[in-house]
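Visitor: Spelled out, the chains give:
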Amino acid sequence: MSEANAAVTDPMLRIRGVETYYGSIAALRGVDLDVNRGEIVTLIGANGAGKSTLMMTIFGDPRARAGSIVYDGVDITRLPTHEIARRKIAQSPEGRRIFPRMTVQENLQMGAALGDPAHFDKDLERVFGIFPRLKERRNQRGGTLSGGEQQMLAIARALMSRPQLLMLDEPSLGLAPLIVNQIFDVIGQLNREEGLTVFLVEQNAYHALKLAHRGYVMVNGQITMSGTGAELLSREDVRAAYLEGGH
Amino acid sequence: MENFLQQLINGVTLGSIYGLIAIGYTMVYGIIGMINFAHGDVFMVSAFIAMLLFLAVTAFLGVSSLFLAFFIILIAGMILTSLWSWTIERIAYRPLRGSFRLAPLISAIGMSIFLANFVQVVQGPRNKPLPPMFNQVIQLTSGGEFDVTLAYKQIVIVAVTVVLLAVFWFVVQKTPLGRAQRACEQDRKMAALLGINVDRTISITFIIGAALASVAGVLYLVNYGVVSFSDGFIPGVKAFTAAVLGGIGSIPGAVLGGLLIGLVEVLWSAYVSSDYKNVAAFSILIIALIFMPSGLLGKPEIEKV
Chain V
953 MSEANAAVTD PMLRIRGVET YYGSIAALRG VDLDVNRGEI VTLIGANGAG KSTLMMTIFG
1013 DPRARAGSIV YDGVDITRLP THEIARRKIA QSPEGRRIFP RMTVQENLQM GAALGDPAHF
1073 DKDLERVFGI FPRLKERRNQ RGGTLSGGEQ QMLAIARALM SRPQLLMLDE PSLGLAPLIV
1133 NQIFDVIGQL NREEGLTVFL VEQNAYHALK LAHRGYVMVN GQITMSGTGA ELLSREDVRA
1193 AYLEGGH
Chain R
1090 MENFLQQLIN GVTLGSIYGL IAIGYTMVYG IIGMINFAHG DVFMVSAFIA MLLFLAVTAF
1150 LGVSSLFLAF FIILIAGMIL TSLWSWTIER IAYRPLRGSF RLAPLISAIG MSIFLANFVQ
1210 VVQGPRNKPL PPMFNQVIQL TSGGEFDVTL AYKQIVIVAV TVVLLAVFWF VVQKTPLGRA
1270 QRACEQDRKM AALLGINVDR TISITFIIGA ALASVAGVLY LVNYGVVSFS DGFIPGVKAF
1330 TAAVLGGIGS IPGAVLGGLL IGLVEVLWSA YVSSDYKNVA AFSILIIALI FMPSGLLGKP
1390 EIEKV
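Line order of the protein sequences matches chains V and R. Residues 953 to 1199 (the working numbering) are what the first sequence spells out, left to right. Residues 1090 to 1394 (the working numbering) are what the second sequence spells out, left to right.
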């Protein structure tokens, strides 16, 4: 009984003291971060702060040199990347990484590579329902899509594996404000209606903090602040550093 | 005219064999950016395996059921070649995957020398002959200066190639395995993020390439009736030329390149000089590398920043 309770109250993703290096250069210097079940957690910070490195470190590529990453009660710090993906964590990574010479549909099939083929059609209809644009483009090659369409495809591909934790790296990067709004609406909707846990990395701090339940601020590979989205939004130093000139 | 038609038939036959070998070069290059210089020797060893299998199978079955024997050799040859080429990948290439770019290339050259010498030691340095197979011919024209013929073995070679290519094309385009392979080719890191076991996919790519080369080895044996330990090198380099000419990394390019190299070699032998047929084939390699490095169907190399 107590164990079951622990499983519910333990964070879904618990990161403790993670350090990652590129060669001899430290990119992450002891990061602590929690993502609880059913939450939207955002990580904001300037370019080069180490946000994307943290996203990839969770997937073991690059590998953390110190610290631990526990997902769903299992230490995944040393697991191979593909084994981590098999634990129902999906990522829409930095730069979207659409397979350029595969069609939209094939990209989505790759997203479902781990899933049960029996519910592929249903899942496909579901993501087409969220992003009708992709349905129109389903036989077009990924490399020929516009930036916004590629972003939709990257998110849709991540959803195809029926993840418990969805990790999104800068879904708003380089997109028109209208599409940014649309994508953030979708993220909020998936969280509210399906209870999907989301870990969101953003430079677009205003949007991200408004959407998120909790947020972390990263500077030079370290977490410097954390709190609820509203708290962080109201802080002067956060506004000065990340929101000036924005909204 | 008759001569030309005959050479066309011979060229397509030879080109089919080169095309099957070339796919192995191009697939491995596509997925890990390495030229597998041992691939020609994989082909040669599988021709030897086919010869030994032929002797064993005909000893059991008698030569009466030639098609059955041929079929058994094809399948058994593919399975055996898959097994030992998987071993090669495991011991000679995979440990070097994180290493500098030239390391697996050097290892492949070493493996090539090892295989050729191993066969020379085990099977002896002389040509190994095989009793002729599928020897009947169909006479296509008569009465001219020259009778154009189509040998049964040529039909067998082209038919096996076409069927195999169709199966292979289906696997690459329509199955989850083929998709995983193409995904690894386009973005290995992303494929891993989606749960694809990249190392295993690379191993399977080697195995498929080797299985196609093993069929090429059987067909080569059917075509020429002899095989020697040094036969990995020249056909191997010609198939490599075919892969470069077609555009390295492109599977249709490898088949097209194979056919073109086969035709050039045969036509050059017929009309210019059969002593210099290898010069003609390899001149194409040089010309392609200088003037058309991305090949006929290849994609231009884009430097990733």
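The set of hints was computed from the structure by calculation and includes no laboratory data. Keep in mind that a hint or two might mislead.
[Stated by the list, open to error] Pair ranges (Cβ atoms, derived):
1) R:Phe1160 with V:Lys1087: 44 to 52 Å
2) V:Tyr974 with R:Ile1195: 22 to 30 Å
3) R:Tyr1241 with V:Asp1013: 22 to 30 Å
4) V:Gly1095 with R:Val1210: 29 to 37 Å
5) R:Leu1266 with V:Gly969: 37 to 45 Å
[Unchecked claim] Below, in silico cross-link-like pairs of lysine to aspartate or glutamate (DMTMM-like), each with a Cα-Cα straight-line distance of 20 Å or less:
6) V:Lys1074 with V:Glu1058
7) R:Lys1278 with V:Asp986
8) V:Lys1087 with V:Asp1073
9) V:Lys1040 with V:Glu1101
10) R:Lys1278 with V:Asp1013
11) R:Lys1217 with R:Asp1236
12) R:Lys1278 with V:Glu1046
13) R:Lys1263 with V:Asp986
14) R:Lys1278 with V:Glu1058
Remember, predicted model here, so these are calculated numbers, not experimental data. Every residue gets a Cβ at the ideal spot worked out from N, C-alpha and C, and that includes glycine.
Visitor: Determine which of the earlier numbered hints do not hold for this structure and return their numbers in increasing order.
Guide: Structure breaks hints 3, 4, 7, 9, 11, 13.
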